[in-house]
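S.K.: One letter stands for each residue in the lines below.
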Amino acid sequence: MTPGARTAGDRFGPYGGRYVPETLITALDELTAAYRDASADQGFAADLRVLLEDYAGRPSPLYRAPRVEEAIGAGPVYLKREDLNHTGAHKINNTLGQALLARWMGKRRIIAETGAGQHGVATATVCALFDLECVVYMGTEDVERQALNVYRMELLGAEVRPVDSGSCTLKDATNEAIRDWVTNVRDTHYIIGSVVGPDPFPRMVRDFQAVIGEETRAQLEAAEGRLPGSVVACVGGGSNAMGIFHAFVPFGDVRLVGVEAAGEGLDSGRHSAPLAAGRPGVLHGSLSYLLQDADGQVAPAHSISAGLDYPGVGPEHSWLLDEGRAEYVTVTDDQALAAFHRLSRLEGLIPALESAHALAHVFEAGAELARHGPVVVCLSGRGDKDVAHVARLSGAETDE
Amino acid sequence: MPEGFIAGEPMSGASFAQCFARCRADNRAALIPFLTCGYPDAPQSLELLQGMAGAGADIIELGIPFSDPLADGPTIQRSSFQALERGMTTEGTLDVLRAFRAGHDTPVVLFSYLNPILRYGVEEFARAAVEAGAQGLLLTDVPAGADPALESRLSAHGLDLIRLIAPTTSPERVAAIARAGAGFLYYISRTGVTGARTRLRRALGREVRAVQGRVGGIPVAVGFGISTPEQAADVAAAAEGVVVGSALIDHCEREGAEGVRDFVAALREAMERDGPDRSL
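Chains as they are written, first to last, in the working numbering: chain X, 805 to 1204; chain G, 17 to 296.
Just so you know, the hints here were simulated from the structure itself, not pulled from any lab data.
In this text the structure is predicted, and so the values were computed from the model without any measurement.
One or more of the hints may lead you astray.
Said to hold, decoys possible - Label pairs and their computed distance ranges (CB to CB):
| hint | chain 1 | residue 1 | chain 2 | residue 2 | range |
| --- | --- | --- | --- | --- | --- |
| 1 | G | R270 | X | G1128 | 37 to 47 Å |
| 2 | X | E1127 | G | R195 | 34 to 44 Å |
| 3 | G | E246 | X | R990 | 40 to 50 Å |
| 4 | X | G1073 | G | A192 | 42 to 52 Å |
| 5 | G | G275 | X | F934 | 44 to 54 Å |
| 6 | X | R965 | G | A219 | 27 to 37 Å |
| 7 | G | G233 | X | V854 | 49 to 59 Å |
For glycine and all other residues, C-beta sits at the position ideal for the given N, C-alpha and C.
Hey, can you work out the whole structure from these sequences and the hints?
M.R.: Now the structure itself:
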């Protein structure tokens, strides 16, 4: 079964679309055409390849994690080391692609939204590289949680605009970025950080991230001579997950496992798991599963990880869920925090709190997963940005 | 139903065609004020609607508040959040409209985003809105052609889908939107979100006339940023309707219901005094 092949136009099954203000339609048409032309252009592909290799450091290694295997009593378990990319996460794959595209379109001003700050840093980085003006919107709560990344963006020459409306997190930063785009659409390109937003963003961001899965497939073929039994990745908007899933979607025997943030527990109402506990709705330009109340108001999300703290999810994930091609599970704040500590001690790898959700599921269900063949986990980012936050949390726990 | 609502024989709203015909006969543009339902609270919303109708509003846009109003600037965001905090809902908005219909036939456009409507149920909403007395529906995140099946379900029970046209909309698309349009078309005066501005763009009159040339006679209203009687009069010289939103909320914040009535009356007077001389 290949759901990817059955999607058409601007949608994945019923999901996706372009639910945006009229002002953006022309820009989305231009972007769609530019992306189509650039995708067919060998020069564009060559420029992107050079940047991914020489600037971002690709291919990222596929690392076999012996002490994780020992801990779960099964294997093999591999970590796809997106944490080793320049700027510390998978986000640079997308921002390099979109910055090249902005240059292709002649847009000199870039805007972005950010939650954990990883996408903001990755955007600020490519804007420095391409000499583009850069404005990053960030919720005030995240500015607080991720102070180091704010300073990093400023070092790189970006302007960080704090957003204090609504829940003051990623959702509200995205609203404000869209408002900026509506206002400055003629000279501005919006580098969306995940597989969300109106068409063509979900498929375009997925394509820029698909390098993760393509490398994984070749690397595992070289190491094991076979396909993975399962591929596990955390899902906020879902770009690292779509990136590593995409190459394996046509192979029905490969289990695709997305891990959403259960926050303080699905029953608490304080979580970020729309696929597990939401229902289809429209936010930020596309139809997809969404956390919402009985009146269709978007419900606030919660996660210990700023990068997963989002009430929506990319439309292709909704489609993969409905089609039964991918399975989605949840992991709580506490489980993710435990996995954060555990991987640090076991492998000397401090994972991002986002990636720690995927690892927590492997610590929990790894033995079962390994029965289907090699387990691949997308280690989507490194945890340096989270160290201060985790230290504060640990300190608070100690004080009690 | 909120306290203070008047029970009475409900009136049916006038059609947009009747409304614009009347304005044409008076040689003036239609005045279209906007109000977020539930702002400052439900009973005061009803009072504001009645006051606007009494002060000369020709059509009223009534906003169903949404948690993530990404086409709106700070003023309407603020009014939406306040309305939601005070418990306004989609059904509550229809209740206010029903109460308004007890004494007024001013045509009403419900203005919102798609998600509250999806959650209410598309068919159910389309029926309930007509039953409550709405003539039109404007969803800022459903551009023409975005979801043809949804759009025909929304209009199946008699609601006119009011379409937006932006300065960035191509001439071909303007014509296509007009072919699918009903009631009137809403030209956005500038790229950007809603919100009062001290100055309107110089090219606006020319742009409005260019749009009018492509839409085959459907009335064109202009909104976004119109904040003073002088600006309203300028726009009324070129367009068949003038939408005023954020500035009204600003007046309400500062001066309450009386200030809103006075402001609507001042807008109407300025638009009548100048008349459509096509000089903008």
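S.K.: All hints, please: hold or fail.
M.R.: Taking the hints in turn, this is what the structure says about them:
no.: 1; hint: R270/G with G1128/X: 37 to 47 Å; result: 56 Å, violated
no.: 2; hint: E1127/X with R195/G: 34 to 44 Å; result: 36 Å, holds
no.: 3; hint: E246/G with R990/X: 40 to 50 Å; result: 28 Å, violated
no.: 4; hint: G1073/X with A192/G: 42 to 52 Å; result: 44 Å, holds
no.: 5; hint: G275/G with F934/X: 44 to 54 Å; result: 50 Å, holds
no.: 6; hint: R965/X with A219/G: 27 to 37 Å; result: 29 Å, holds
no.: 7; hint: G233/G with V854/X: 49 to 59 Å; result: 56 Å, holds
Hint check: violations occur at hints 1 and 3; the rest are consistent with the structure.
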